[in-house]
Each structure stands twice: as C-alpha cells, then as structure tokens.
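Student: Given only the sequences and the hints, what does the whole structure look like? Please build it.
Number of protein chains: 2
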Amino acid sequence: MSESRSGRTLPSGEARPVYNLDRLLEVAVRVFTERGYDGTSFTHLAEASGLSKSSIFHHIESKEQLLRLGLERALDPLMASTEEEGAVSGPAMDRLTHLIRRNIEIMAERLPYVKLLLGVHGNTETERWALAQRRAYDKVVAGVVEEAIAEGVVREDIDAPTTARLIFGMINSVREWYHPERHTTPDELAAQVCSLVLDGIRRH
Amino acid sequence: MSESRSGRTLPSGEARPVYNLDRLLEVAVRVFTERGYDGTSFTHLAEASGLSKSSIFHHIESKEQLLRLGLERALDPLMASTEEEGAVSGPAMDRLTHLIRRNIEIMAERLPYVKLLLGVHGNTETERWALAQRRAYDKVVAGVVEEAIAEGVVREDIDAPTTARLIFGMINSVREWYHPERHTTPDELAAQVCSLVLDGIRRH
Numbered sequence: 018m019s020e021s022r023s024g025r026t027l028p029s030g031e032a033r034p035v036y037n038l039d040r041l042l043e044v045a046v047r048v049f050t051e052r053g054y055d056g057t058s059f060t061h062l063a064e065a066s067g068l069s070k071s072s073i074f075h076h077i078e079s080k081e082q083l084l085r086l087g088l089e090r091a092l093d094p095l096m097a098s099t100e101e102e103g104a105v106s107g108p109a110m111d112r113l114t115h116l117i118r119r120n121i122e123i124m125a126e127r128l129p130y131v132k133l134l135l136g137v138h139g140n141t142e143t144e145r146w147a148l149a150q151r152r153a154y155d156k157v158v159a160g161v162v163e164e165a166i167a168e169g170v171v172r173e174d175i176d177a178p179t180t181a182r183l184i185f186g187m188i189n190s191v192r193e194w195y196h197p198e199r200h201t202t203p204d205e206l207a208a209q210v211c212s213l214v215l216d217g218i219r220r221h
Numbered sequence: 018m019s020e021s022r023s024g025r026t027l028p029s030g031e032a033r034p035v036y037n038l039d040r041l042l043e044v045a046v047r048v049f050t051e052r053g054y055d056g057t058s059f060t061h062l063a064e065a066s067g068l069s070k071s072s073i074f075h076h077i078e079s080k081e082q083l084l085r086l087g088l089e090r091a092l093d094p095l096m097a098s099t100e101e102e103g104a105v106s107g108p109a110m111d112r113l114t115h116l117i118r119r120n121i122e123i124m125a126e127r128l129p130y131v132k133l134l135l136g137v138h139g140n141t142e143t144e145r146w147a148l149a150q151r152r153a154y155d156k157v158v159a160g161v162v163e164e165a166i167a168e169g170v171v172r173e174d175i176d177a178p179t180t181a182r183l184i185f186g187m188i189n190s191v192r193e194w195y196h197p198e199r200h201t202t203p204d205e206l207a208a209q210v211c212s213l214v215l216d217g218i219r220r221h
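For the record, the sequence lines run as chains A and B.
For any residue, its number in this note's numbering is found by taking its place in the first sequence, counting from 1, and adding 17.
For any residue, its number in this note's numbering is found by taking its place in the second sequence, counting from 1, and adding 17.
To be clear, the hints were calculated from the coordinates, so they are not data collected in a lab.
Misleading hints may appear alongside valid ones.
Note: identical chains are not told apart, hence a pair may lie in one copy or across any two.
What the hints assert, rightly or not - The list that follows gives simulated cross-link-like pairs (lysine-lysine, DSBU-like), each with its CA atoms no further than 30 angstroms apart:
#1 80 x 70
#2 70 x 132
#3 132 x 156
#4 70 x 156
#5 80 x 132
Tutor: Structure, rendered in structure tokens:
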C-alpha cells in the first residue's frame, strides 16, 4: 500500500507503513469507540488510517464487517474461556474463579476490543449478535453461581442472576480506569477481584 | 407555555402540557444521554420537548446550563451523602455501608441523571467540574476503606484505592440493567451489594 495520508514526514529511506487488515481493524475499533459506530463514516476511517476509501475497500467489504471482526476479537476468547478445562471441570467455585480470572486477562490483553463490545447498542444485526453472545456468556456464569450454591460452598441467601450481573459489572468497570502499564498486572488485579467477590473485604 | 409541538392529539378540553424547567431538564437529560452531549443541538432539544427554540431560551441561557442542572441532580445528593451523620460518625465499616446504600438509593431514584453523570467526557468546563466532583467522591470512599483497614475490621491485604474503584464500578454498572419496577427494590439491591462486597459470596 502506498496510500498513506498520515501527513507524517518520513525520513528519507524509511518505508511507508504497510497497512494490513490487522492495523486497519485497530484504527477502526478506536474510531468506533470514540465516535460511536453509527457516528463513524468511511471518511472518518480514511482520515484516521491515512488510507484512501478505495484502499479500505481493498481490505473489507463494509463498515459492519469491520465491526464484526472487532467484536470477534473480544467475544472469541471470552466464549472460548467458557469451554476451557478450568471452566468445565472441578468444583463450581473453582470454575467461577477461572471464569473471573480469564475475563480480566482477556480484558487487559484486548482492552480496545472489549471496550467496543461493552459499548454496543443493538442497531445492526452484528450488534444484536454480539449482545446475544454476551447474554449467553452471562447465562453460563449465572449457572456456575447456581451450581456453587447447590454444592453448598456459596451462601444460600445469594441470588444467582443478580450476583453474576454484579460480579461482571465490577469486572467490566475496570475498562474505565485500568491501564496495564500504570496499574497492577492483570494477574494481581484478577486475584484482587476474586478475593473481593469470594471473601469480601471484612476480616472474618 | 402554549408552544407545544409534540404532535400529540389532545382530547378537546385537555390542557396542553405546561412546560417548566423541571420537565425541560428531564427531556434534555434523556436526549443528552441518547445522543451524547456534543451530538445534541437545540434543534434536537426542540424536537424532543415540542418547544420552540425561543421557548427553550425562556427557561435557560445555554445548553451547558442544562447539562450543569442535570449533573447537579445526581451530584448534589451524592456529595451530600458524604456529609450525612451515617457517613461521618461511627466505625468505618458502618460508614462505608452507609455510603454504598445511599449511592444505590440515589441511583435508583435519579437513574437518568446518574446515567448522564457516568457518561460525561470532560470536553466542557461543566464536564470537568463533574469529573472533579466524582474524583472527590471516590477519594472520600477510598479514605473510609483506609480507615476500616486501620481499625482492623478489613483484611490488610486489601488495596484501598483499587477496592474503592471496584466497589463503585460494581454499583455504577447497576445502571445498565436495573429497572426499579422490574427488579428488586433499591433497599434489597443495596443489601445484596453490601453483603457481596463486605462478606463475599463464599460460605464462611
């Protein structure tokens, strides 16, 4: 690609950045999150990427295809985490811990894509697909909380669906302030969330 | 006011809705939240309220004034809650519980205004004022968590600022799904959040 319009002065001899779908996706996801998906036009995508509109169409067929690819970057590992060994075998409390830890790891690794996912409205087929996936994920978690109650390791006065919503509300709020470089590591953050949710802050 | 342009057919004899600042504010806050503050024009406010632009200016001086009034509806009671008897006297754990309960009550009572507050970006002076108020509020809560640690009632391995962020991340996420008519009462929800945060879900 030689359509770079970034306006950046390139030192003589430095190659112009080679655009690939990955890089375009990264830029598009940032613009979707900043402007909202509905508020983003191909002109905005061209400006932000430095590509011409025709070069963008060389990579993708539609704006919605970019949205879908971006959402898959968050949803694929999240949904896959519900089928991992740690999520399907062992005591329910260990499975819940696994789901919480993996969710925080995925968020830290793929923050821009998770932010995009959490801002989805439901105006397009792709957005409705993403919302359905999120509901399926929430259902798995609520089910594991139910099982933990049945196994007698979780207090019986807990309401499983509300508890699942509150736990993942806490996790999802992490996107609003967390910077992997500035704050604690994903591992430490996951440990802190698990400790808070499972044992509370009170000294027992 | 008789400038209603809502297009609603009024049965003969029914008075046209009398607009006051309260009603205008309610409509504006809904539009700000749906379209974003930057994306809202006086034309949008006129359409949504059924008022002419000049009638809107009869009530307020600028769009930013409406934003400020809307944000105050959420911030005034939140900031006031930090000065209530229950928040300033007694053991730190009781004060923390008071702050959590009041926050959920205020959210349930004033949901549209709290949603507006939590979506603020910081592009205008009013938005930066609101963000500064939120930071001040968070600081109070983190301080109370610190005191609870110092009093020995909270586990020492707890990091106060992160814990405060996580607790209020959980509370703030409630806005995404909570409907006071459909779900549990604010009182019950507050009890559930406190129980989760203070004691965790594990049977001890």
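Student: Next, verify each hint and record whether it holds.
Tutor: Cross-check of the supplied hints:
| no. | hint | result |
| --- | --- | --- |
| 1 | 80 x 70 | within (11 angstroms within a copy, 36 angstroms between copies) |
| 2 | 70 x 132 | within (25 angstroms within a copy, 36 angstroms between copies) |
| 3 | 132 x 156 | both (21 angstroms within a copy, 25 angstroms between copies) |
| 4 | 70 x 156 | neither (40 angstroms within a copy, 47 angstroms between copies) |
| 5 | 80 x 132 | both (18 angstroms within a copy, 29 angstroms between copies) |
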